[in-house]
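Spelled out, the chains give:
2 protein chains.
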Amino acid sequence: MRYVVGIDIGGTNLVVGTVAEDGSELLGLATEPTFPEQGSDAVLARIAKLAKASMAAAVRKEIVGVGVGAPGPLDTKSGVVILTPNLGWTNMPLRDRLAATLGLPATLDNDANCAIFGEWWRGAARGGRHVVGLTIGTGIGGGIVLDGAIYHGASDVAGELGHMTIDSTGRRCKCGNYGCLEAYASGPAIAARAVEGVLAGYVTTLPRYVAGDLAKVTAQVVYEAAHDGDDYALEVVRETAGFLGAGVANIVNIFNPDVVVICGGVTLAGDKLFVPLRSEVKRRAFKPGVEACRIVPGELPGTAGVFGAAAVFMQRTWGGVTTG
Amino acid sequence: MRYVVGIDIGGTNLVVGTVAEDGSELLGLATEPTFPEQGSDAVLARIAKLAKASMAAAVRKEIVGVGVGAPGPLDTKSGVVILTPNLGWTNMPLRDRLAATLGLPATLDNDANCAIFGEWWRGAARGGRHVVGLTIGTGIGGGIVLDGAIYHGASDVAGELGHMTIDSTGRRCKCGNYGCLEAYASGPAIAARAVEGVLAGYVTTLPRYVAGDLAKVTAQVVYEAAHDGDDYALEVVRETAGFLGAGVANIVNIFNPDVVVICGGVTLAGDKLFVPLRSEVKRRAFKPGVEACRIVPGELPGTAGVFGAAAVFMQRTWGGVTTG
Chain F
1 MRYVVGIDIG GTNLVVGTVA EDGSELLGLA TEPTFPEQGS DAVLARIAKL
51 AKASMAAAVR KEIVGVGVGA PGPLDTKSGV VILTPNLGWT NMPLRDRLAA
101 TLGLPATLDN DANCAIFGEW WRGAARGGRH VVGLTIGTGI GGGIVLDGAI
151 YHGASDVAGE LGHMTIDSTG RRCKCGNYGC LEAYASGPAI AARAVEGVLA
201 GYVTTLPRYV AGDLAKVTAQ VVYEAAHDGD DYALEVVRET AGFLGAGVAN
251 IVNIFNPDVV VICGGVTLAG DKLFVPLRSE VKRRAFKPGV EACRIVPGEL
301 PGTAGVFGAA AVFMQRTWGG VTTG
Chain L
1001 MRYVVGIDIG GTNLVVGTVA EDGSELLGLA TEPTFPEQGS DAVLARIAKL
1051 AKASMAAAVR KEIVGVGVGA PGPLDTKSGV VILTPNLGWT NMPLRDRLAA
1101 TLGLPATLDN DANCAIFGEW WRGAARGGRH VVGLTIGTGI GGGIVLDGAI
1151 YHGASDVAGE LGHMTIDSTG RRCKCGNYGC LEAYASGPAI AARAVEGVLA
1201 GYVTTLPRYV AGDLAKVTAQ VVYEAAHDGD DYALEVVRET AGFLGAGVAN
1251 IVNIFNPDVV VICGGVTLAG DKLFVPLRSE VKRRAFKPGV EACRIVPGEL
1301 PGTAGVFGAA AVFMQRTWGG VTTG
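So the sequences go chain by chain: F and L. Per this note's numbering, residue 1 is the first one in the first sequence, and the count goes up by one each step. Per this note's numbering, residue 1001 is the first one in the second sequence, and the count goes up by one each step.
These aren't lab readings, by the way, just hints derived from the structure by calculation. Incorrect hints may appear among the rest.
Unchecked claim - Listed next, the in silico DSBU-like pairs over lysine-lysine satisfying Cα-Cα at most 30 Å (straight line):
1) F:K174 with F:K272
2) F:K174 with L:K1282
3) F:K282 with L:K1077
4) F:K52 with F:K77
Unchecked claim - With the C-beta cut set under 8 Å, the calculated list includes, among others, these residues of chain L facing chain F:
5) F1035
6) G1127
7) H1130
8) E1160
9) T1165
10) D1167
We treat Cβ as the ideally placed atom computed from N, Cα and C, and that holds for glycine.
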């Protein structure tokens, strides 16, 4: 059995683990804050330290490579991160620098692609032939896995599903466009919509969860209040399901997928989100597409990106991954 | 050189031709109104008559099969049209009925898929590896051609790009959803938006083109008035470009295609549509995706579906089509 180190580089956290080629083991899983403000050399040094610790934890295993997932845009062929606003990196030869430091061959792919590929390989989308996924956090990323391979498009920037316009004259998005799905259903967008309602005078217990400091309202706080029975918070979750439903209905009409998998903190909202989400998709999308598609939360919170990054290495190096 | 009959069945017209395997010749091209109200037996008899005439025109050619394109949803494997509201057909074994009548093996695929496949094979999207196309007429269809093959999804209903939600609380669409691209930018939607403005009192020469009968305003009439310098008609075309731009920007962000090809009567609007369309896409979509993508009108008006239907037969039967 061979092992591959999976590295998931996020704007907030680094996650590293060593993955068996059949996906049955994840050894030396470790996570640490990214602290991008320390600069790229410091971040890379910490990634290398984490990776070496993970490899050391995989005692007497044959470790053959490293798969890296990072925010993009990036070039999967040259292994260069072209630009990551969250990390402040430009034209960073990430793959080759990590390969040199760790003394192992490496691959690079987009973080959201890796997460969805991980969910396809070992998580909620297992067995799906046409899989489309969303990763919902600070932003909304997307990944498309067709016939067991990540779909990259012409220049490695396919799958920006968070920047689907669902309201062409709607909320401004950080990307410059109006009415992107991300502008309604990312973590900060959910919090912002909730706070707007509080300021507009809706009756809600939300302020109590943040000791009156509305700047501290997060999507998680909204889910917590909804779970505790706050009607207004529940309404915000239902509205989120409505916006996500418009986006997922587009995915169903465009891709006719077997599985739409939704990853990230938003899955904490559970059935309160997924039940109205599925009914919104049913209301909007074509029936044969809806009938063919499971809409499910991710099953690998925190580790999908590590599994997926390792699987990308396996697939590019060996021509396939072991499933089943 | 082998030849394949291509049959394009639309709600309004039937188009048939006999295509050389290298795409260099289209023989016996013929078209006739569909008259779906005559019932399926009559329509099928007329299709067979057209196909036989086309085959007869291909004197002394080796004709080996028939490719059929029809509105869906349909099942490409069984060759059955499941439901076509425009034609009034339900569970019609179209492929096998035509194969039996013509004494040749046949294949069946969706009409919009065939049109975009035709544009990829012999038209404006030639050489594209990731091609996404729209067919704009009474409705808006879509086709996705990846690595030289039509992408069908899990149950043959992928590519319903006209039913992308671009305004989740917008105009009601015939499909039941709100704010579909089709509800803004199909031929009838363009005409309806134009008429709304006339009724609202905008100064325009549009009524003169239809002798005052606003029910006769079509998208073509709007383009004609725009070409003649009518400011209001020009504004309607620009708004159409805006709506289409939101849809095409979604396609760019999702697929990162080499080519987006737009087929149908809307291409008659020419640069008056395509110039503002391209700038709207640039405004909305991610830069690397925009830079990688040509947005072009179809080059095979009237025959893309015939070329594509024949090419589907070639690809399924021979495992590929001759390009170049």
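Going through the hints against the structure:
| no. | hint | verdict |
| --- | --- | --- |
| 1 | F:K174 with F:K272 | holds (28 Å) |
| 2 | F:K174 with L:K1282 | holds (15 Å) |
| 3 | F:K282 with L:K1077 | holds (26 Å) |
| 4 | F:K52 with F:K77 | holds (25 Å) |
| 5 | F1035 | violated (27 Å) |
| 6 | G1127 | violated (12 Å) |
| 7 | H1130 | holds (5 Å) |
| 8 | E1160 | holds (4 Å) |
| 9 | T1165 | holds (5 Å) |
| 10 | D1167 | holds (6 Å) |
Of the numbered hints listed earlier, those contradicted by the structure are 5, 6.
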